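K.L.:
So you can see what is in the structure, the chains are spelled out below.
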Amino acid sequence: MSADAVILMLVAMTILWGGLVVAVVRLRRHGLPDGDELHRDL
Amino acid sequence: MTTTGDETQRRGAFTSRKVFILAAIGSAVGLGNIWRFPYVAYENGGGAFLIPYLIALLTAGLPFLLLDYAIGHRHRGSAPLSFARLHRRTEMLGWWQVGICFLIAIYYAAVIAWALRYTIFSVDQSWGEDPEGFLFGDFLQAGDPGVSTEVVLGVLVPLLLVWVAVLVIMSLGVEKGVGRLSLYLIPVLVIAFGALVLRAVTLDGAALGLDALFSPHWASLTEPSVWAAAFGQIFFSLSIGFGIMITYASYVDRRSDMTGSGLVVGFANSGFELLAGIGVFAALGFMAQAQGVAVDEVATQGLGLAFVVFPALISEAPAGALIGVLFFGSLVIAGLTSLVSVIEVVISAVRDKFELSRLTASLAVGGPAAIISLVLFSTTSGVYVLDIVDHFINQYGILLVAVVSMLVVAWALRALPGLAAHLNRFGSLRLDRTWFALIGLLAPLALAYVLVDAFVTDLQTPYEGYPSWMLNVLGWGSAVAVIAFGALATLVPWRQETSLTVADDDADPLTKETGR
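Protein chains in written order, with the working numbering: chain A, 690 to 731; chain B, 11 to 526.
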């Protein structure tokens, strides 16, 4: 793989997968599911 | 008039925010993520495509997703009921979306049935030395383009199985059917596809394919068609604009953080597309190296990628059967969770309009859909009908209704401030004038460009060279039929017990005035 391709692959991974992680963490911090919600899922 | 609690109990609801997010991801992650994104990225600048893709995601995809969430979550109804509650005269937009979903469901099920069959074919590589000949000859038994009534048993049986599964899931309801399906199958999909990608990147020649996918062609960023491809990919991939997210959002608890959930769904969908791109092109690199050809000679998309190129690749790769089962199994799961969301739009609308029970509405919608699907797509002409309806209903159904609904909501009703205020009540991401500008100007302009571009191309060149009568009847006919259906369905009165006022305490004066 060329250096350009490797860099862009890593950038894409960082932005999209990193973005997903940040979005999940942000959502969890804003409001954790309560015990009732967890119970209903099971 | 029903109270909010009664209505939630009657319509059903997701048990938690997590289930809603998984269901929304299940809807967004479909066949297009696996077989469309990798080739679109490769054809439109490779690594450089990342820039217009991200801009499209942030400026059109996510804002539009949040618009759908706002309409459904605030107005607590199916697409037609939500639009009717937004303003009595916009109900037709909802029924237009319902018509589109009904058409999509009947052909989408056929592709899942093919993938189901190919999961089994993968075990002994039934296609032998000639996957293309096997697909069109032995499996689909396709003749010349036209409409035939000759049934292909090998398609009929799996298609019947798909519809039985869908009917059972839909009859179980939002909580036990759609919710649990997503809760269990999305993790399975991620694990199965992750395993496929791991296998693909360890094949000889994988780097060749990844190099082809990610090498940037910066000059392509000056081409409008590349930007149109990025906006088109984001739009079609996110399941936005045709009622799904409105319907799903209506099943979510009022106090949920919908903007935060939207970010998770949007990035999960794009993250899966990237994973698919890596897996598909690593596999294509292996195949190109094995055949001694360049990657561009094996790279393709859609049905050709899934049912011709991948079978050839499975035949050549070590542990090919495993790759085949993982690949086609992933297609089945991704397709099924999307199909369920598409048919839910129709079932939910019928339930709301006629106040039917879950089981009755599921059978009333799923039964006819299954019959039409079996009649049209289990014959020797099924593949042609599918190809034409898919193309036209995507461009002149989904895309058109999306542009129209954005303009109506933003400019005719001026409803964006009320919708933003609703999402801002419990949302972690604050929507302000930037969102209004994106929904009112940028997103409709970008999508209108994609739409006009496709329209001009279709006028100049008959799609895929099909006979004009097929394109007129099945293609343009489908696009017009869903609009006509939308207008006619609006004429059917709502039941007395259905309230068209907003059952929400943050209703703005506009909707209070126009509600019945």
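Read the hints as simulated data drawn from the structure, not as lab findings. Please read these numbers as outputs of a predicted model, since none were measured by experiment. The beta-carbon is built from N, C-alpha and C at its ideal position, and this holds for glycine as well. Mixed in with the good hints there might be a few duds.
Label pairs and their in silico Cβ distance ranges [what the hints assert, rightly or not]:
1. Ser691(A) x Thr212(B): 36 to 42 angstroms
2. Phe364(B) x Ser691(A): 37 to 43 angstroms
3. Ser691(A) x Asp134(B): 34 to 40 angstroms
Here are some chain A residues pointing at chain B (derived, C-beta under 8 angstroms) [unchecked claim]:
4. Ala692
5. Val713
6. Arg715
K.L.:
Each of the hints needs a verdict: does it hold here or not?
P.N.:
Consistency of the hints with the structure:
1. Ser691(A) x Thr212(B): 36 to 42 angstroms: With a Cβ separation near 20 angstroms, Ser691(A) and Thr212(B) fall outside 36 to 42 angstroms, so the hint is violated.
2. Phe364(B) x Ser691(A): 37 to 43 angstroms: Violated, since Phe364(B) and Ser691(A) (Cβ atoms, about 60 angstroms apart) do not stay within the stated range.
3. Ser691(A) x Asp134(B): 34 to 40 angstroms: holds, 39 angstroms
4. Ala692: violated, 10 angstroms
5. Val713: Interface hint status for Val713(A): holds (6 angstroms vs cutoff 8 angstroms).
6. Arg715: At 6 angstroms from the nearest chain B Cβ, Arg715(A) passes the 8 angstroms test, so the hint holds.
The structure is inconsistent with the numbered hints 1, 2 and 4, although it conforms to all the rest.
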